[in-house]
Every structure is written in structure tokens, then in C-alpha cells.
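Protein chains: 2
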Amino acid sequence: MKILCNRENLIQGVQVVLRAVSAKTTLPILSGILIKTEVDRLYLTATDLELGIDCSIPVQVIEHGSLVVPARIFSEIVKKLPDTKIELNTNNQNNILTVNYSPSQTTINCMDSEEFPVIPALEENHNISIKSSIFKSMVKQVAFSAATDENRPIFTGVLVIIENDIFKTVATDTHRLAYRNTTLEADTNMNWQAVVPAKALVEVSRLIQDDDEMIDIIFAENQINFKFGNISLLSRLIEGQFPNYKQVIPTSCKTKIRVLTKALLDATERASLVAREGSNVIKLKVQENALIITSDSADLGKVYEEVQVELQGEEAQISFNSRYLVDVLKVIDCEEIVIELTGSLSPGIIRPVDANNYLYLILPIRTN
Amino acid sequence: MKILCNRENLIQGVQVVLRAVSAKTTLPILSGILIKTEVDRLYLTATDLELGIDCSIPVQVIEHGSLVVPARIFSEIVKKLPDTKIELNTNNQNNILTVNYSPSQTTINCMDSEEFPVIPALEENHNISIKSSIFKSMVKQVAFSAATDENRPIFTGVLVIIENDIFKTVATDTHRLAYRNTTLEADTNMNWQAVVPAKALVEVSRLIQDDDEMIDIIFAENQINFKFGNISLLSRLIEGQFPNYKQVIPTSCKTKIRVLTKALLDATERASLVAREGSNVIKLKVQENALIITSDSADLGKVYEEVQVELQGEEAQISFNSRYLVDVLKVIDCEEIVIELTGSLSPGIIRPVDANNYLYLILPIRTN
Numbered sequence: 019m020k021i022l023c024n025r026e027n028l029i030q031g032v033q034v035v036l037r038a039v040s041a042k043t044t045l046p047i048l049s050g051i052l053i054k055t056e057v058d059r060l061y062l063t064a065t066d067l068e069l070g071i072d073c074s075i076p077v078q079v080i081e082h083g084s085l086v087v088p089a090r091i092f093s094e095i096v097k098k099l100p101d102t103k104i105e106l107n108t109n110n111q112n113n114i115l116t117v118n119y120s121p122s123q124t125t126i127n128c129m130d131s132e133e134f135p136v137i138p139a140l141e142e143n144h145n146i147s148i149k150s151s152i153f154k155s156m157v158k159q160v161a162f163s164a165a166t167d168e169n170r171p172i173f174t175g176v177l178v179i180i181e182n183d184i185f186k187t188v189a190t191d192t193h194r195l196a197y198r199n200t201t202l203e204a205d206t207n208m209n210w211q212a213v214v215p216a217k218a219l220v221e222v223s224r225l226i227q228d229d230d231e232m233i234d235i236i237f238a239e240n241q242i243n244f245k246f247g248n249i250s251l252l253s254r255l256i257e258g259q260f261p262n263y264k265q266v267i268p269t270s271c272k273t274k275i276r277v278l279t280k281a282l283l284d285a286t287e288r289a290s291l292v293a294r295e296g297s298n299v300i301k302l303k304v305q306e307n308a309l310i311i312t313s314d315s316a317d318l319g320k321v322y323e324e325v326q327v328e329l330q331g332e333e334a335q336i337s338f339n340s341r342y343l344v345d346v347l348k349v350i351d352c353e354e355i356v357i358e359l360t361g362s363l364s365p366g367i368i369r370p371v372d373a374n375n376y377l378y379l380i381l382p383i384r385t386n
Numbered sequence: 019m020k021i022l023c024n025r026e027n028l029i030q031g032v033q034v035v036l037r038a039v040s041a042k043t044t045l046p047i048l049s050g051i052l053i054k055t056e057v058d059r060l061y062l063t064a065t066d067l068e069l070g071i072d073c074s075i076p077v078q079v080i081e082h083g084s085l086v087v088p089a090r091i092f093s094e095i096v097k098k099l100p101d102t103k104i105e106l107n108t109n110n111q112n113n114i115l116t117v118n119y120s121p122s123q124t125t126i127n128c129m130d131s132e133e134f135p136v137i138p139a140l141e142e143n144h145n146i147s148i149k150s151s152i153f154k155s156m157v158k159q160v161a162f163s164a165a166t167d168e169n170r171p172i173f174t175g176v177l178v179i180i181e182n183d184i185f186k187t188v189a190t191d192t193h194r195l196a197y198r199n200t201t202l203e204a205d206t207n208m209n210w211q212a213v214v215p216a217k218a219l220v221e222v223s224r225l226i227q228d229d230d231e232m233i234d235i236i237f238a239e240n241q242i243n244f245k246f247g248n249i250s251l252l253s254r255l256i257e258g259q260f261p262n263y264k265q266v267i268p269t270s271c272k273t274k275i276r277v278l279t280k281a282l283l284d285a286t287e288r289a290s291l292v293a294r295e296g297s298n299v300i301k302l303k304v305q306e307n308a309l310i311i312t313s314d315s316a317d318l319g320k321v322y323e324e325v326q327v328e329l330q331g332e333e334a335q336i337s338f339n340s341r342y343l344v345d346v347l348k349v350i351d352c353e354e355i356v357i358e359l360t361g362s363l364s365p366g367i368i369r370p371v372d373a374n375n376y377l378y379l380i381l382p383i384r385t386n
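So the sequence lines, in the order shown, correspond to chains X and H. Note that the working numbering has the first sequence beginning at 19, numbered continuously upward. Note that the working numbering has the second sequence beginning at 19, numbered continuously upward.
If you are wondering where the hints come from, they were derived from the structure by calculation, not from laboratory data. Treat the hints with care, since some could be wrong.
Copies of the same chain are indistinguishable here, so a pair counts whether it falls within one copy or spans any two.
Said to hold, decoys possible - As a list, the in silico DSBU-like pairs of lysine-lysine whose alpha-carbon atoms are at most 35 Å apart:
| # | residue 1 | residue 2 |
| --- | --- | --- |
| 1 | LYS245 | LYS274 |
| 2 | LYS303 | LYS42 |
| 3 | LYS320 | LYS264 |
| 4 | LYS217 | LYS98 |
| 5 | LYS301 | LYS149 |
| 6 | LYS54 | LYS320 |
| 7 | LYS97 | LYS264 |
| 8 | LYS98 | LYS154 |
| 9 | LYS54 | LYS301 |
| 10 | LYS42 | LYS274 |
| 11 | LYS245 | LYS303 |
| 12 | LYS54 | LYS280 |
| 13 | LYS149 | LYS320 |
| 14 | LYS98 | LYS303 |
| 15 | LYS264 | LYS103 |
| 16 | LYS97 | LYS348 |
| 17 | LYS97 | LYS154 |
| 18 | LYS272 | LYS98 |
| 19 | LYS301 | LYS98 |
| 20 | LYS320 | LYS186 |
| 21 | LYS264 | LYS42 |
| 22 | LYS20 | LYS264 |
| 23 | LYS154 | LYS320 |
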């Protein structure tokens, strides 16, 4: 392989695929990035076998070839390269890559590309197209509710549902649940659902560079593929039965309050500072015109917060894990929200006042 | 105690003194901040017994008093306060502080101010005044050369020397040495020297908010006090004999090269990426017109860097720990530097081309 490329493109390619390189892998080859020429581009690929990312950059190919470069050291070298024409030159006999930036050069010990796992191409049965900005907002509002604990894998995923032109996402860690939908620009004539690792969706979100571009999502039996710009991300799907989310969402309520998102967030965050030391419990007391939030810790002290609300229905009391409330208030893109309650033992529901495409459910905590 | 204050001032005061609160202290009282009213100000004080910081902020005093607040939780609460008038109110009977931000409030369990160690006022025998910007630049160019290993305390300090209107600073970890001097605006008529913990100087640098203000430095037998703006920082001095730095600085050289600082930094940083895996060793080879820097690691690969230089004197070869070279090239505020060498076993000297107030010495590494 012998190619000429520029520094900025090389940095972008390496930074993108680096996200799929696992820090602790038992297979040495997975600590590398496969680089491979194709026509007039260089393809960079990394995978941890769960998630694979590839990114292609424009280069001038003098001689085709491929090689696996050690990811960490290669990324550090690339970041420090001078802003001149860069030549990558490999001697395929001994897997050594020479990075030339005249008059200086670095040679890196690499691995054989034959050892790199093949990432299978998907049969393009089903695919949809969605605007990046909408996709990002969905991931932001839903993915945080997935569990991070790998013991029950199904809860580390986001349920993705396509019903014709409706795209739905649901995540739950069994203590809270987030739901968001959107209407696609074109009818997909599809009825499909699968559980996608939340981590993969978050990676796609992070890697999006242009909020106006479209993301193509290709669905297969065990895998899902996201294509956008010069990037392709492939993830396995999570096997297992996702809980019936419709069943847990109450259809009516006895108490409904309207409150400013920011005011409630600030009050909840302050209450959580003291609550955190204990079990994160904050108590909410809904009165005519005011929501009283209190928390206390024997060691630290007490917080009493009063937030203005508009009440419909009954006064109420309920306790929540403050973190679950803070999480949603940080991602809900609406100045005002509605909280719906039905007694202190039923889940609380939070919605934006201006849209019915989002819903968040929190299970209460029993307190005395 | 009962006072009214504003949020921004309170945040500043807490953030400043928080730097002196040790994360791991065996004395619970030292995890707190002493707050105490005096005339129309609130004094906040923290100390880890090595370093004490106090900061005063304007407040409206309704009732005088003092208390020790738990530093971590108090700083978190203060950061989250709304931007309204804040009332701090203590009930001295039970050491509880109430933070009122109507209509809400937080109460914090505190400690008795009687338990807080008294920070002694210094007798103001000797003091000098220096401009913040100059002080910061001296600390930046010298303090990094002090050792971080506490086993030999003397090397964790910076030797500070006052000779009439000359202010000198020296630091060494025995592998390299940095020296910087400046001329003060007024003659001090003093001859004084002491070893100040590098950490204390770095803290003062960090806390300086206005580069144009003057810092007053007050010297006592065992302590040093820095006063600037509304902040006072008191540090113990380090006891022991600082090595005779003049003795180790060569007075002549056989090789002298002039090189662009940035070009040398970039080349050294690239070489250090591969050198780091081993023992950080990079080799320098001075030729007519070019400095060749090389490094290699059996595992990773090799770097060959060529940097343009102007040579006076003999060609030369020498090996350094790359980190010691990178460190100085990052802080030397001059586009070009001079490197002076005398064979491969004598220390290398680095100076800015445009000033003779700074000098950096690196001991070579013996290689084959």
C-alpha cells in the first residue's frame, strides 16, 4: 500500500473508528484499526465484535493494500502530524507502516489484515431514512433510561419500532421508562421491531457531524446498520423479549400539574444534593399553586423547595429517586411540562406541554 | 450570624478556599470552611495545615457570628443557588446553617468554629510587591521542574531568592533544573531566601484573577504569605538545604544551536510517543543545519525527525528523557531557543534567544 492523504481527513477517520476499539480486549487484533484502500478512498475499520464502525476518507492511491495499525499509538501519532501532505507506505512483507511527512518519518509495527474479523455486509431488505437532528433528539430523550448493568441485557437496549411512517423508541431500566416517537418523511410500508444496544444509538448520535443530513438505517435479522456521511456503524441486536411498555403506562390520572421545566430542575437538583447521601429519595407534595419538594439526610441537613404550579385535580404526595427526575428534566425540550399522578403508589408521568410525542414514566418509592 | 449576600460573591469565595481543603483528611474539622463575619465582609477560610487560604466577600451583616460549614456539600449547594438575594442564618446553639433563597431554603449541619485551627498572622517584617502577570510567568516556567515525590521534600519546593531588586526562582527534581529571575519595580533592600512548596506557588498562580494587580508577598521565618485582591494564601516553608544550583550550570559550551521552539516541540512530542513505551529516551544528533531526533521501541516502531537549526561549534550527540524536553518547550515564551551542549555526558542548557532571565538544564541519559 502507498497512499497520499491530508492530515485533517486522517485524523477524522481515526477518531471516528476509535470509538469501536475496546480498551480491554483479549484479542490483540481488535486493538487495531484495519486500513484498506478501495478505488480512491482509504477505509478505516474497527470493531469490538458487538459494534463495528467504518469511515472512508479521500486519498490518492499509488498502490493498493491493507494493514491493521495499532489503534492507540496510531491515533496519537496522527494527531501530532504536521499539516503537510502525508504519505502512508507499507511493506507488506513485514507489516510495517511508514508515515512520511518530509523530511521526517515514523514507522509503526502493524498486524496482518488477514487476521482482522470480517464485518459481514447486510442484505438490504429493510431500510428507512431519518433526519439526523430528529434522530439525535430521540436518542437524547430515550437512551439514558436504558440500564447500564449488563446482567439483564434486554434492558440495556432501546426498543425500536417501525410502523409504516411512525418511528418509535422505548427504553426502560425497570425504574423508569422513556418513550418517543416521530413521523418519518416517507411511508416505509414496514412493520418491524428490535432491541438495539443503547450504546450503539449513542455512538451514532455522537458521530453525526451535520444535523441536516439523512441517516440511512438498514435492518436485518440480527444486526442494524447506520449510514451517514462517510461513516457506517454496524451493531448486533439484543435478543430477548422487551417488556410490554403499553401495559405500564396509566391511561388516566387524578392529579395533573403544569410547571416550568427549569424551575423544577433547579429545585430538584438542589434537593438531590442532600438526598444523594441517602438513597436519593425526594418527597413531592402537590398543593394548590405550589409543589413542595423536600429531602433530608441525618448527616448533612435538609432541603425545602417551593415551586409554582398550576394544579388540576387532587392534591397529592409522592416520593421519587431524584436522579430519575433530574435526568428527564435535562433532556425534555420544552419550557413547561405536565406531571400526572394517581396517588403515591402509582407511577408518575411527565410530558412536554407542547407535544404528544414524548412520555416519561417514573415509579414511586414507598416511604413512611 | 445573619447575613445577606449575593450568589456570585459566595460562589467565588467558596471556590477559592476549596483549593485548600484536602480530600483525605483525618481531622474532620479540616473538611470544613470557616465562615466568619467581620465589619461588612464575610471571611471564608480553609486549611490543610500546610496551606491556608482565605477570601473575603462583601455582605450585609445583620448579626455577627462564625461557623464551620462542610466544604464539599456547601460548595455544591452554593453553585446551584438561584440568582436572588441569599440569606445565611445560623443558630449558634446547634451549629445549623440555614441558607434562605425565598421561598425555598436549605439547612446544613455544621461544626463549631472554636474547633477550627487558628491560622497565625505573620509579623510583617519583610515584604515585596510583584505584578501578577510576571509572577504567573515565573511560576509557569519554573514550578514544573520541582519533584512531585514527597520522599525528598526539599525538591518539591521552589527556591525563592530576593537580592535587593532581583527576584529569583529555582526548581529542580535532580534530573533537570529551571531558573528564572526578574527585576522588581522597587528595591527591597533585602537579602532573603527560602524554599516555598511548588504547590503553593501554583495555587497562587491559579487564583490570580487580574493579571495587572500586584501581589504582596510577606516573608517570615517559617511561612510565606501571598496577598492579592480579596485573597490571602499562607504556606509553610520547606526546611532543609537546597542544592547549590550555580555549581551545576556549565559556564561554557562546545556546541550551540538555534532552533524554532514550535518545530522542536512538535518533533520531540512525536518522538516521545514511541519513546514513552520504553524509558522516554530520545536521541539528538546535531549536524550542520539539522538536528536529528530519533526514538525507537521494539514493540511499536521508530520515529525519525529532522529539524532545521543554525549550528555554532561542534557537531554533537546526546540523549534526553523526552518529557523533560517537552516540558520546557511548552513554557518557554520565545519563538526561538538556543541549546548549548558540551559532549554527550554534560548537561544540556536551553535558553530563549531574546532574554537572559531564563535557563533550563537537562541531564543527559547515557546510551550506547
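Problem set entry | Ascending list of hint numbers which this structure does not respect | Hints 1, 2, 3, 5, 7, 10, 11, 13, 15, 20, 21, 22 and 23 not satisfied by this model.
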